[in-house]
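Number of protein chains: 2
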Amino acid sequence: MKIIVDAMGGDNAPAEIVKGALAANRDTGVEIVLVGREEAVRKAAADCGAASLPAGVSIVNATEVIEICDDPATAFKHKKDSSITVGLNMLKSGEGDAFVSAGSTGALLAAATLLVKRIRGIRRAAMCPVIPTAGGGAVLIDCGANAACTAEYLLQFAYLGNFYVKQVLGIPNPRVGLLNIGAEPSKGDDLRRETYDLLQRSHEAGRLNFVGNIEAKEAIKGGCDVIVTDGFSGNVMLKTIEGVGSYLGREVKGMFLKSLKTKVAALLMKDGLREFKTKLDPDRVGGTAFLGISRPVIKAHGSSGAAAIANAIGQAVTVAESGIIQEIEAHIEDMKTE
Amino acid sequence: MKIIVDAMGGDNAPAEIVKGALAANRDTGVEIVLVGREEAVRKAAADCGAASLPAGVSIVNATEVIEICDDPATAFKHKKDSSITVGLNMLKSGEGDAFVSAGSTGALLAAATLLVKRIRGIRRAAMCPVIPTAGGGAVLIDCGANAACTAEYLLQFAYLGNFYVKQVLGIPNPRVGLLNIGAEPSKGDDLRRETYDLLQRSHEAGRLNFVGNIEAKEAIKGGCDVIVTDGFSGNVMLKTIEGVGSYLGREVKGMFLKSLKTKVAALLMKDGLREFKTKLDPDRVGGTAFLGISRPVIKAHGSSGAAAIANAIGQAVTVAESGIIQEIEAHIEDMKTE
Chain E
28 MKIIVDAMGG
38 DNAPAEIVKG
48 ALAANRDTGV
58 EIVLVGREEA
68 VRKAAADCGA
78 ASLPAGVSIV
88 NATEVIEICD
98 DPATAFKHKK
108 DSSITVGLNM
118 LKSGEGDAFV
128 SAGSTGALLA
138 AATLLVKRIR
148 GIRRAAMCPV
158 IPTAGGGAVL
168 IDCGANAACT
178 AEYLLQFAYL
188 GNFYVKQVLG
198 IPNPRVGLLN
208 IGAEPSKGDD
218 LRRETYDLLQ
228 RSHEAGRLNF
238 VGNIEAKEAI
248 KGGCDVIVTD
258 GFSGNVMLKT
268 IEGVGSYLGR
278 EVKGMFLKSL
288 KTKVAALLMK
298 DGLREFKTKL
308 DPDRVGGTAF
318 LGISRPVIKA
328 HGSSGAAAIA
338 NAIGQAVTVA
348 ESGIIQEIEA
358 HIEDMKTE
Chain H
28 MKIIVDAMGG
38 DNAPAEIVKG
48 ALAANRDTGV
58 EIVLVGREEA
68 VRKAAADCGA
78 ASLPAGVSIV
88 NATEVIEICD
98 DPATAFKHKK
108 DSSITVGLNM
118 LKSGEGDAFV
128 SAGSTGALLA
138 AATLLVKRIR
148 GIRRAAMCPV
158 IPTAGGGAVL
168 IDCGANAACT
178 AEYLLQFAYL
188 GNFYVKQVLG
198 IPNPRVGLLN
208 IGAEPSKGDD
218 LRRETYDLLQ
228 RSHEAGRLNF
238 VGNIEAKEAI
248 KGGCDVIVTD
258 GFSGNVMLKT
268 IEGVGSYLGR
278 EVKGMFLKSL
288 KTKVAALLMK
298 DGLREFKTKL
308 DPDRVGGTAF
318 LGISRPVIKA
328 HGSSGAAAIA
338 NAIGQAVTVA
348 ESGIIQEIEA
358 HIEDMKTE
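In the order they appear, the protein sequences are chains E and H.
When you read off a place in the first sequence, starting at 1, and then add 27, the result is the number in the numbering used here.
When you read off a place in the second sequence, starting at 1, and then add 27, the result is the number in the numbering used here.
No copy is singled out in the list; a pair is fine if it fits within one copy or between any two copies.
Below are the DSSO-like pairs computed for lysine-lysine, each with C-alpha atoms no more than 30 angstroms apart in a straight line:
{"#": "1", "residue 1": "K104", "residue 2": "K214"}
{"#": "2", "residue 1": "K107", "residue 2": "K214"}
{"#": "3", "residue 1": "K306", "residue 2": "K285"}
{"#": "4", "residue 1": "K290", "residue 2": "K280"}
{"#": "5", "residue 1": "K144", "residue 2": "K104"}
{"#": "6", "residue 1": "K70", "residue 2": "K104"}
{"#": "7", "residue 1": "K280", "residue 2": "K244"}
Source of the hints: derived by calculation from the structure; they are not laboratory data.
Full structure from sequences and hints, please.
Right under this line is the structure:
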C-alpha cells in the first residue's frame with residue numbers, strides 16, 4: 028500500500044505533515060510518497076531525525092503551493108507544478124493507492140473532480156466526516172462540498188455514506204437518516220420531501236436501510252449511522268458541533284482552574300479528563316474522504332498536526348483496502364433517478 | 028401588564044404551566060389569564076395551594092386542546108374552542124398584552140399568522156431563540172418556522188433580529204452575521220449570495236451593522252449578535268447545539284460518577300458543576316418570540332417545566348414593554364426589496 032501525501036498543504040506544512048507521514052511509515056509500514064518542495068521536505072524530515080529517508084519513504088518534487096488566496100476552482104490548472112496537481116496526477120496514473128492533503132478543501136475538490144474524475148454516474152463528490160454521537164459516531168454526508176443540491180445528489184449521498192459505513196467502518200446494514208426539521212415525511216422543504224420519496228423507494232426495494240427523517244438532536248443521540256443532507260446544512264451541523272465542543276471544553280477547563288479546591292479535584296479526575304479531551308479532539312479521526320471520486324482522496328483538517336496526519340494516512344489505507352469504489356460502481360444503477 | 032397563557036399546551040400541561048404562571052404572578056405581580064379547560068386548570072392551581080385564585084390571576088374556559096396529531100395548518104380552525112384559538116383571539120382584541128404557549132409550534136405559528144396577522148409588509152414570521160455563545164448569547168433567526176426562504180425573507184429576519192437584540196436584550200448596534208459555510212462574499216448557495224448583497228446595501232445605508240458571512244463555529248465563539256439564516260439550517264444549528272450540549276453534559280456527569288475518587292472531586296466542584304449545568308439548561312431563557320406577528324406571541328419549549336414557563340412569561344413582559352413592534356413598523360420600508 029502506497030499513500031501519496033501533500034507535504035505542503037495545511038497550516039502546519041511541511042513540518043507536521045512530514046512528521047506525521049514518517050510516524051505512519053514507522054508504525055504501520057505503509058509506503059509514503061511526499062509531494063512538495065524537495066528542499067523544504069528534506070529539511071522537515073531531517074528535523075525529525077530522518078536526515079536520510081527511511082525505507083518506503085520517497086519525495087517527489089513539486090515547486091508550487093496552492094495558497095488560501097488562490098481561486099479554488101482554477102488553482103490546480105494555473106499551478107501545474109503544485110503539490111496537489113502533481114500528487115493527484117500521480118494518483119490518477121496509479122503511482123499510489125490514495126492521496127492525503129490538508130490543503131484548501133475547495134482546490135482539492137475541484138482538482139480531484141477534474142483530474143482524477145468522478146465515478147461514472149456519480150453527479151457530485153461529497154465529504155463524509157465521522158461525527159461524534161452517543162452511539163459512537165455517524166457519517167455526515169455532505170458537509171460542505173455542495174452548497175446547493177438536488178434530490179438525486181442526496182439519494183447518491185445516501186448510497187455513498189451507506190457503502191462507507193459498511194465497507195470502511197465495518198458496520199453491517201447501516202441505518203440511513205435524512206436530516207430534517209421534524210420526523211414526519213411531510214416535514215422540511217421540497218428538496219427534503221422529494222429526497223424522502225426516493226430514499227423510501229430504495230428502502231422498499233431492500234437497497235438501503237432508510238430509517239426516515241431525523242432531527243439533528245436525535246442524530247447526535249445516535250439515531251442513525253448515515254446522516255444525509257445538503258452541503259450547506261451539513262456544514263452548519265459540523266461547524267456547530269466543533270463550536271459547541273470547543274466552547275464547552277473551555278468551560279469545563281475553566282471550572283477546574285477556578286480555585287485550589289477545584290485544582291485538587293482536577294488531579295483526582297486526571298484520567299477522566301484526558302478521556303473527555305480525547306472525545307472532543309478533532310484530530311482523532313484525521314480526515315474525511317471525498318466520496319464519489321474514482322480513486323481514494325482524503326482531506327485532512329487544515330489545522331492538522333502530526334498525529335492527525337498519521338490518522339488520515341491510516342484512514343487512507345483503510346479506504347483504499349475497503350473496496351468501496353468497486354462497491355459504488357457495482358451499484359451505480361440504483362443511484363439514478365429517471 | 029397582562030399575559031395570556033395557554034394552560035393546555037406542552038408535555039407538562041396543565042400542571043407545570045399553571046404552577047409557572049402562578050409563580051410569575053407571585054414574584055413579579057404580572058397579571059395572568061389562564062386559557063384552558065377550567066376544571067383542569069382549577070385543579071392544577073389547587074394542587075399548587077391556590078384553591079382560590081390569587082389577585083391578578085383569572086381563567087378563561089376553552090374546552091378543546093390542539094394535539095400533536097392535529098394538522099398544524101388548520102387545527103385552530105377546526106378546534107375553535109381550543110386554548111390557542113381562544114387565547115390568540117383575546118390577544119388580537121386587546122384583552123392581554125402578549126400570549127405564551129408551550130403547544131405545537133406549527134399550530135401556534137399558523138394560528139398567530141392567520142388570526143393575529145403579521146405586521147403589514149412582513150413576509151414571514153420567524154422564530155428567534157437566544158443561543159449560548161462564548162460572547163454571552165446571540166439571536167438565531169429563523170430557526171424552524173420557514174424551511175424554504177427567499178433573500179427578502181432573510182433580509183427581513185436580519186432587521187427583526189436586529190430590533191429584538193436592541194429593544195428586548197438592550198444591546199446597542201447589534202452585529203448582524205449571515206450564517207454561511209465560509210467568510211468570503213462568494214460562499215454558499217444563490218440564496219446566501221443574494222442575501223449578502225441586500226445586507227451589504229443595508230449596511231452601507233447605515234441601517235444595519237452587517238459584519239458579513241459567519242460560520243457556525245465563529246458564531247458560537249461570539250462573532251455576532253444576530254445570526255441570520257433560513258429556518259432549515261437554523262433548526263439544524265439549534266438542535267445540534269441542544270444535542271451536543273446534552274451529550275457532553277452526560278459525558279461530564281459520567282466522568283464524575285466513575286469512582287470514589289471522582290465522586291470526591293465532584294463534591295469539591297459542586298458550585299462549578301451547578302453553574303455548568305445552568306449554562307446547558309434550555310429552560311433558562313424560557314421561549315422564543317414569533318417575530319413579525321403584530322402582537323407579542325412567545326413559544327415556550329414543549330417540554331417546559333414551571334421555571335421555564337415563568338421565564339417565558341417574564342420574556343413576554345419584556346417583549347411587550349420593549350416597543351419592538353412599533354420599531355419594526357417604523358422601519359418596514361427598509362425591509363422591502365424592489
